[in-house]
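Given these sequences and hints, build the entire structure.
Going line by line, the protein sequences match chains F and B. To convert, note that position 232 of the first sequence is 278 in my numbering; the numbers rise steadily by one, no gaps. To convert, note that position 142 of the second sequence is 188 in my numbering; the numbers rise steadily by one, no gaps.
Please keep in mind that the hints were generated in silico from the structure rather than gathered at the bench. Using N, Cα and C, we set each Cβ at its ideal position, and we do this for glycine too. Hints should not be assumed to be uniformly reliable.
Derived lysine-lysine pairs resembling DSBU-like cross-links, with alpha carbons at most 30 Å apart [to be verified]: (1) K284/B <-> K112/B; (2) K112/B <-> K48/F; (3) K284/B <-> K236/B; (4) K284/B <-> K48/B; (5) K112/F <-> K48/B.
Covered stretches of chain B, going by a simulated chain F footprint (3 or more residues, C-beta under 8 Å) [stated by the list, open to error]: (6) 215-222; (7) 296-304; (8) 332-345.
Protein chains: 2
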Amino acid sequence: MKVSELGEFGLIERLAELLASQGSAAFSDRLVVGIGDDAAVWRENGSAVVATTDTLASGVHFLPDKTPWRDLGWKALAVNVSDIAAMGAVPEFALVTLALPPDTEVEAIDDLYRGLSEAGEAYGVVIAGGDIVRADQPVITVALCGRAGLDASNEPLVLRRGAAVAGDLLAVTGSLGGAAGGLRLLREGKHADTGALIERHLRPQPRALAGPAALAAGVRCAIDVSDGLLQDLGQICKASRAGAVVWRDKLPVEPALAELFGADEALRMAATGGEDYELLFAGTSEQLDALRKQIDVPLTVIGETVIDPACEARLLDENGKAIDLPVAGWDHLKGQS
Amino acid sequence: MKVSELGEFGLIERLAELLASQGSAAFSDRLVVGIGDDAAVWRENGSAVVATTDTLASGVHFLPDKTPWRDLGWKALAVNVSDIAAMGAVPEFALVTLALPPDTEVEAIDDLYRGLSEAGEAYGVVIAGGDIVRADQPVITVALCGRAGLDASNEPLVLRRGAAVAGDLLAVTGSLGGAAGGLRLLREGKHADTGALIERHLRPQPRALAGPAALAAGVRCAIDVSDGLLQDLGQICKASRAGAVVWRDKLPVEPALAELFGADEALRMAATGGEDYELLFAGTSEQLDALRKQIDVPLTVIGETVIDPACEARLLDENGKAIDLPVAGWDHLKGQS
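Set out below in structure tokens:
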């Protein structure tokens with residue numbers, strides 16, 4: 047069987063099983079969150095280290111001819127900041143690995159590092175080291191370590207995918223679909239009048255403050271919207287063993303999309319587009335209200351978790367009827383599925 | 047200018063300068079070792095986190111048709127363990143990023159993870175997470191976090207490239223050139239009678255215990271021999287602003303090499319071959335004697351550091367005459383230089 051048939055998520059599950067038996071190391075009980083969340087978490091004296099890694103490969107995660115190197119540097123760090131934020135943690139130190147064709151221009155790499163630096167300044171991340179290797183295509187991998195506090199029982203205080211309970215409300219920051227719209231415009235070569243959407247694709251603004259604020263407000267469940275809202279919500283459902291419904295008319299669809307692409311396509315982009323790097327939370331009405339007061343970005347209730355043995359995430363229309371969308375989300379090995 | 051003209055080390059220096067201005071983050075004074083050593087080090091409550099990342103790209107770092115996936119998994123983790131050992135730290139948690147062509151067989155990835163697990167068990171490392179992405183060629187990136195203690199002044203206690211002083215003795219663990227010999231045999235398709243050398247190339251055994259033991263013995267300067275002895279020693283020279291001489295007749299050349307390739311080529315492999323993942327230390331005679339008693343692997347004094355404004359590492363023959371070798375070492379962007 048090829049990995050493309052199994053898919054990214056199938057492969058991750060398989061590898062998690064293969065690795066489940068590890069743990070002979072004396073310190074392995076310090077690992078609190080392993081494979082299968084936005085980031086790993088381990089205890090480190092009086093706090094917890096939260097660590098994640100995310101890769102951008104040329105032609106897969108970005109269009110090489112249409113992505114300025116500086117934006118690429120920004121994005122490579124920003125997508126990792128989003129994972130740390132989804133754990134409710136604060137990003138700190140990054141390692142950057144560049145795989146480069148030997149004929150890459152040095153000026154391009156200068157620009158890439160300028161973008162990395164800008165994101166580092168914006169999100170308070172220090173680039174501490176890395177590796178540079180030769181490869182056929184540019185691939186940028188960032189590993190990012192952050193920090194979380196401990197709760198009263200000395201357990202790391204983090205947001206988990208598996209912490210939702212049936213009856214929680216679902217709420218998402220900002221707006222959805224903008225990055226997918228921007229990618230479409232970039233592909234079609236339409237730049238001038240639509241800078242904001244393209245900017246959402248090229249320079250995502252992860253919700254770094256909203257994650258820790260959610261923890262402070264009592265929220266315990268989150269994921270970042272990187273692969274598409276319904277797919278990412280599906281990860282919460284699976285990890286929490288609950289179902290979820292999203293109400294179509296509540297979705298904060300990026301306003302510019304409907305006029306550019308039509309209402310149906312705008313909805314599809316918002317529900318399945320991916321790369322918005324918003325945060326999706328599950329919590330009580332009181333928790334979400336408290337969170338809303340603490341952050342500068344809009345927080346919209348879009349649905350709720352329900353009891354559902356199939357653990358499905360469904361999009362409902364105004365009559366409560368399930369809407370089937372043509373595209374389910376992004377799988378890095380299968381592509382659009 | 048192309049990055050291949052600047053080279054890996056030139057590019058790293060350039061990027062370190064670009065990043066030198068970062069540090070507006072409130073915690074940036076917690077970064078003790080940044081770009082330019084075997085690993086980064088930052089303070090974390092009562093200890094220090096030591097973090098490194100190393101990549102293996104198909105066709106660059108390994109021969110795809112001649113490298114079993116299981117060995118590749120072992121090596122991907124082992125080379126990172128070597129970097130942590132070169133800091134005198136203890137490896138703990140790893141993140142693994144796989145870039146894979148979609149037509150990769152799932153069984154191959156199972157094998158890769160078995161190798162990673164084996165190395166994890168052998169070196170006490172827990173694989174805590176990672177990322178899987180699609181790419182044209184297989185590229186495996188491991189980020190590894192370890193831990194170091196603090197000294198009496200609360201400074202992280204680590205081995206540094208820049209801690210040598212003129213008059214230190216240089217000592218190396220194990221033997222040199224075996225991995226280069228193994229790679230040659232593998233390229234030439236000679237397997238049966240020469241398993242040990244090929245094993246050195248495919249399954250390096252980093253000196254995980256020798257690093258912390260060196261710290262305990264009072265040694266403060268080390269690097270791992272990954273790019274070739276003379277080149278890696280050159281990094282010590284540059285960072286320590288000292289010169290170094292290596293005595294040809296003292297080099298612990300892997301014994302099998304001379305018969306297979308001739309004495310000259312055996313010397314070249316030992317001095318410049320790379321990928322041996324031995325540790326090279328600089329310290330006093332007393333410190334090195336104390337270290338020798340603590341470790342199971344041979345420790346051979348091979349030379350000394352000297353006052354030299356040019357900060358060169360030179361190989362000397364029995365008459366004290368410098369030997370020029372045809373190959374200077376490995377540069378990941380230039381290739382063999």
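Comparing the hints with the structure gives:
no.	hint	in the structure
1	K284/B <-> K112/B	36 Å, violated
2	K112/B <-> K48/F	20 Å, holds
3	K284/B <-> K236/B	38 Å, violated
4	K284/B <-> K48/B	24 Å, holds
5	K112/F <-> K48/B	20 Å, holds
6	215-222	violated (count 0)
7	296-304	violated (count 0)
8	332-345	violated (count 0)
Going through the hint list in order, the structure does not satisfy hints 1, 3, 6, 7, 8.
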